[in-house]
Amino acid sequence: MSTVFIALQANEETRPIIEAIEIDNPLAVVNRQPAMVKIDAPNRLVIRKETIEEQIGREFDLQELHINLITLGGNVTEDEDSLTLSWAE
1 MSTVFIALQA NEETRPIIEA IEIDNPLAVV NRQPAMVKID APNRLVIRKE
51 TIEEQIGREF DLQELHINLI TLGGNVTEDE DSLTLSWAE
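For what it's worth, the numbering used here labels the leading residue of the sequence shown as 1, then goes sequentially.
Calculated directly from the structure, the hints in this document are not laboratory data.
Treat the hints with care, since some could be wrong.
[Said to hold, decoys possible] Cut-off 20 Å, straight-line C-alpha distance, at most; resulting in silico cross-link-like pairs (DMTMM-like, lysine to aspartate or glutamate):
#: 1; residue 1: 38; residue 2: 13
#: 2; residue 1: 49; residue 2: 19
#: 3; residue 1: 38; residue 2: 19
#: 4; residue 1: 49; residue 2: 61
#: 5; residue 1: 49; residue 2: 12
#: 6; residue 1: 49; residue 2: 24
#: 7; residue 1: 38; residue 2: 64
#: 8; residue 1: 38; residue 2: 24
#: 9; residue 1: 38; residue 2: 59
#: 10; residue 1: 49; residue 2: 81
#: 11; residue 1: 38; residue 2: 80
#: 12; residue 1: 49; residue 2: 64
#: 13; residue 1: 49; residue 2: 59
#: 14; residue 1: 49; residue 2: 22
#: 15; residue 1: 49; residue 2: 78
#: 16; residue 1: 49; residue 2: 80
[Unchecked claim] Using C-beta positions, here's what the derived DEER-type ranges look like:
#: 17; residue 1: 71; residue 2: 19; range: 29 to 35 Å
#: 18; residue 1: 88; residue 2: 58; range: 30 to 36 Å
#: 19; residue 1: 26; residue 2: 69; range: 32 to 38 Å
#: 20; residue 1: 22; residue 2: 64; range: 16 to 22 Å
#: 21; residue 1: 32; residue 2: 58; range: 29 to 35 Å
Cβ coordinates follow ideal geometry from the N, Cα and C atoms, glycine included.
Take the sequences, apply the hints, and build the full model.
This is the structure in structure tokens:
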């Protein structure tokens with residue numbers, strides 16, 4: 001099993017995004033630090049546009065993630081509706 005991760009700045013803009021990631025990834029472990037939040041998940045982490053929109057109450061373009069993105073680990077697969085981090089088997 002390999003761990004994938006994403007780290008975002010810790011601020012008001014990312015709070016609902018982090019909540020959405022937690023909803024869609026029940027096995028994810030969220031590490032909150034003063035300036036950032038790092039989310040680790042075994043093998044795969046999915047970030048869904050629809051879940052983020054439900055949390056923030058407006059339309060969301062997944063490209064907005066890049067504004068608060070610090071780093072990530074894993075292979076990225078992205079389309080208009082989701083961003084997935086995974087490691088090839």
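Quick rundown of the hints versus the structure:
no., hint, in the structure
1, 38 x 13, "holds, 15 Å"
2, 49 x 19, "holds, 12 Å"
3, 38 x 19, "holds, 12 Å"
4, 49 x 61, "holds, 7 Å"
5, 49 x 12, "holds, 18 Å"
6, 49 x 24, "holds, 11 Å"
7, 38 x 64, "holds, 17 Å"
8, 38 x 24, "holds, 16 Å"
9, 38 x 59, "violated, 24 Å"
10, 49 x 81, "holds, 5 Å"
11, 38 x 80, "violated, 23 Å"
12, 49 x 64, "holds, 10 Å"
13, 49 x 59, "holds, 8 Å"
14, 49 x 22, "holds, 13 Å"
15, 49 x 78, "holds, 11 Å"
16, 49 x 80, "holds, 8 Å"
17, 71 x 19: 29 to 35 Å, "violated, 20 Å"
18, 88 x 58: 30 to 36 Å, "holds, 35 Å"
19, 26 x 69: 32 to 38 Å, "violated, 22 Å"
20, 22 x 64: 16 to 22 Å, "holds, 18 Å"
21, 32 x 58: 29 to 35 Å, "violated, 24 Å"
Of the numbered hints given earlier, the model fails hints 9, 11, 17, 19, 21; all others are met.
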